[in-house]
Every structure is written in C-alpha cells, then in structure tokens.
Amino acid sequence: MPHGTLLASGPVIPNFGGPPGGKHGCIARNGLFCWDWVTAHWGDILQPHLLQHLKLTAIAVGIGFAIAFAAALVAHRMSWFETPFGAFSAFLYTIPSLALFQLLVPITGLTVLTIEIGLVGYTLLILFRNILEGLRGVPPAVLEAADGMGLTRLQTLIRVELPLALPAITAGIRIAVVTTISLATVAAYITPLGLGAPIFYGLQTSFTTEFVATGALAILLAVCADAVLIIAQRLLTPWARARRLAT
Amino acid sequence: MIFSFDTFKPSTFVDAFRFIGDNPGLMWQKTAEHLQISGEAIGFALLIALPLGVWLGHIHRGSFVAINLSNIGRALPSLAVIAIGLGILGIGTTNVIFALVVLAFPVMLTNAYVAVDGVEPEAIEAARGMGMREHQILFMVELPLALPLIFAGIRTASVFVVATATLGGVVGGGGLGDIIVNQASYFLKGVIAASIAVSVLSFAADFVFWALQRTLTPRGLRKERVAAVTPVPALGQ
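Note that the protein sequences, when read in sequence, are chains A and B. Just add 67 to the spot in the first sequence (first one is 1) and you have the numbering used here. Just add 42 to the spot in the second sequence (first one is 1) and you have the numbering used here.
Derived by calculation from the structure, the hints in this document are not laboratory data. Quantities reported herein were computed from a predicted structural model and do not represent experimental measurements. All C-beta atoms, glycine included, are put in the ideal place defined by N, C-alpha and C. Check each hint, because a few of them may be wrong.
Said to hold, decoys possible - Non-contacting residues of chain A with respect to chain B, defined by C-beta distances greater than 12 Å in every case (computed):
1. 148
2. 151
3. 179
4. 226
As the list claims (entries may be wrong) - One-sided excerpt, in silico: chain B residues whose CB lies under 7 Å from chain A:
5. 113
6. 125
7. 126
8. 222
9. 237
Let's have the full structure, built from the sequences with the hints guiding it.
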C-alpha cells in the first residue's frame, strides 16, 4: 500500500534536501494547491488510489446491477415483489453512509467486502427502479404484436422488452455510477482504498494540497464518468434521442 | 481511521434507543446543530437558486446550463466538495455550509427552471390576452403552475442536505456527524442513535416542505405529487 509507506516515513513529503519549490515554496508554506505535490505524488498516491476507486466502483455497480436486474425481472413478472424489494432498497438508501460502513465492520471487518456491501446496497434502489420502470414502459401494443408474432415470453423479453427498456436502464446505470463514485470516497473511512484515503489522510495531517488535490481529482473523475456514460447512452440508444428531438 | 471496534449484537439497536434516552442533552444539542447547519445551507441555496432558475425559466433562456448543471451537481462527490471547502475556508461550520450549498444548488435550480420553462404557452398567452403584465404573468400564472415541480426540487435537495450534513463530522463541522464519526466515545449504539436522528430529520425536512407546498398551492391546483426532475431522473428522458 503506497500510502502506508508515506505514513511510516512521517511528514508530508519524502525529504531529499527539502520539498520541491524550496524552503519558501508552495509545499513548505502549505499552500491551498501545490502543483509540485501533485506531480511528485501522481505515481505513488493519486494514480493508485484513482485506479482503486475505479475498481471499487466497477465491482459495486456490476454486482448491484446483477442483483437489481434479477429483482426487477422478478417484480416485472410478479408485481407483488416490487413493494418489499423497493422498501428494502429504499431503507438501505436512507442510512447515512458513514454509519452504514461502521455498522458492517463488526460483521465483515475492515475489509473490501465491507465497503462493497455498503456500495452495492446504495446502488440497488436506483437500478431497481429504473430497470423496472423501463420494462413497464414498453407500450402494450408492442407486446401484443410480439405475442401475435408467436414470440415466447423469453423471446419477448430479450428481443422486445429489454431493447425498449435500454434508455431507462442506461440512465439508471449512469446515476448509480456517479453515486457510487461519491460514496466510495466516504468508504475510505473504513479501509484506505480509493480517492477517499488521501482525503482522510490529508484531513488528519492538515496538509492542504493532499485533500484539496485528491478532492478535485474525485470531482474530475465523477464528471468525466458522467460525460462518458452520457455519450455511451446516446451511442447505445440512438432512437431515444431521435424521438426526443422529434417530440 | 481510529476505531474502537465495538461488538455488534442485535441488542445494539435497543441500546441505541436507550442511548437517546440516557443522553437527551447531547442528542438535542447535536440535533439542533444539525438543523441549523442544514437550515442555513438550504436557505442560502434557495436564495440563489430559486430567483435564478425562475427567471431563466421565465425568459426561456439558458436551458443548456440549467439542465446540465444538475447532472454535474449530482456527480459531485460530497466528501470531495467538503474537502475543497475546508481547504478554502478552513475548519468549522462555514465550509460545511458552503459545500452543502454547492451540492443543493443545482437540483433546486434545474427543477425551478424546468418548472417555469414548462408552463403551457397557452396559459401564458391567455393571461397576456387578459391584459396581464409581465410580472403578473410570472407571479399569478407561471409560479402557481410551476409550484409542484419547484417544490419537488426543494424537497429532494433538503433531504440530501440533511443526510450529507453528517459528513461535516469528518471536518469538525458539528451536528449529528460528530457522534457518527466518534465511535470511540459513543460506541456503536451512539452511532446508530445519531443515524436514526439523521433519518428522522430527513423525513421531517421532506414533510415540512411538503406542508409548505400544500399551503402555497392554490386550491384549484392541488393534484397528485410530482416527482423531481433530477433524482428519479432520466428514465431515458
């Protein structure tokens, strides 16, 4: 863990004859944002935590999607299932993130598992609602046509319902991703993984650049992820945009 | 981070309620702080976002900014915003309020814009035909019709602010977050107790603005509730 080595070595900057910028440089003065620090620690702090953050987010949204998708399919066939699962995921969503991670620690320890359980829990409400709304939004006439063409239930689902639900599903994934990126920074309160770790560490040492720069990187990551997903959404479902422009 | 590794039993939840009963002073003080921080943040965000959103919607300008702002706003990681606010404003409540305003502002603005912008042109034309002036159209036609959606944004933002104010505990901002980040002093029962208080406050904030919305809506317009444009968002829109 790169951060541990920094922690062990004491003060903020590995000191080889003074911090970059010299005795009166930005780092020595503990300025708001020192570019020197960012370039010096891109390799050992920022980049590794950025990659961890992406991995945490990808795993959480992946697992969350699998669960929410299965639950939405069940709720689509058996509508009574919507209320209990919806209430369960809404309940999870109302627990403050800082508290939820702490509550899981006595059960699963200070592990990645704890973080992922929490993050997956927070994605469920958004994904479940959007997938289900997408499936329900398919016009009845289309379903009748599929029925008339002799499609089985499974064929109708795969060839008709899912493609038509795709805009709603991708929209849900997009919100789930940006929400998870945000919550994953809080998750570093439990284990020093992801971009939250340098933020919490910086808050303790009061070295401003560390938490300001990492915070800025987290914001940049979230905004970029959102933009990339918007583009992906448009490429995947060109008809949705065409219809929107037409009306 | 520093942990006291409290053990967790089902009875911890019972202990949490006992904790509230045993420490009424602490709970009241932290809840009051939490309310004050959230209230100030919601107030400031309202003061900036509502006039701007309503005005932009009224003149039907700036749709690109007004709509995309909420996308960016939703994407902002709260902890990162609080960290940057701390860097700029230093330790204390001010930076938490600043961060919360930044986080609440986009949702309110987008909903206010979409609400006023989306008022049926026929209604406005009719009002103009009746000889109403521009400000009369705004206050007597557009705003009443836009009210449900404006309030949907306010309610969403205020629930979000109350929940996120918890993170202020990380930077010594006060409020119930102080208890939640201090498991070493208050144990898990205290953490759960404070979480329950945060949840209750979130529901209370939603209820207060719901009640205000009902009072402000003219009787003829009281219909079903409207979902906010942003958090139940998109669905392919």
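Going through the hints against the structure:
| no. | hint | verdict |
| --- | --- | --- |
| 1 | 148 | holds (20 Å) |
| 2 | 151 | holds (19 Å) |
| 3 | 179 | holds (15 Å) |
| 4 | 226 | holds (19 Å) |
| 5 | 113 | holds (6 Å) |
| 6 | 125 | holds (4 Å) |
| 7 | 126 | holds (5 Å) |
| 8 | 222 | holds (5 Å) |
| 9 | 237 | holds (4 Å) |
The structure agrees with every numbered hint stated previously.
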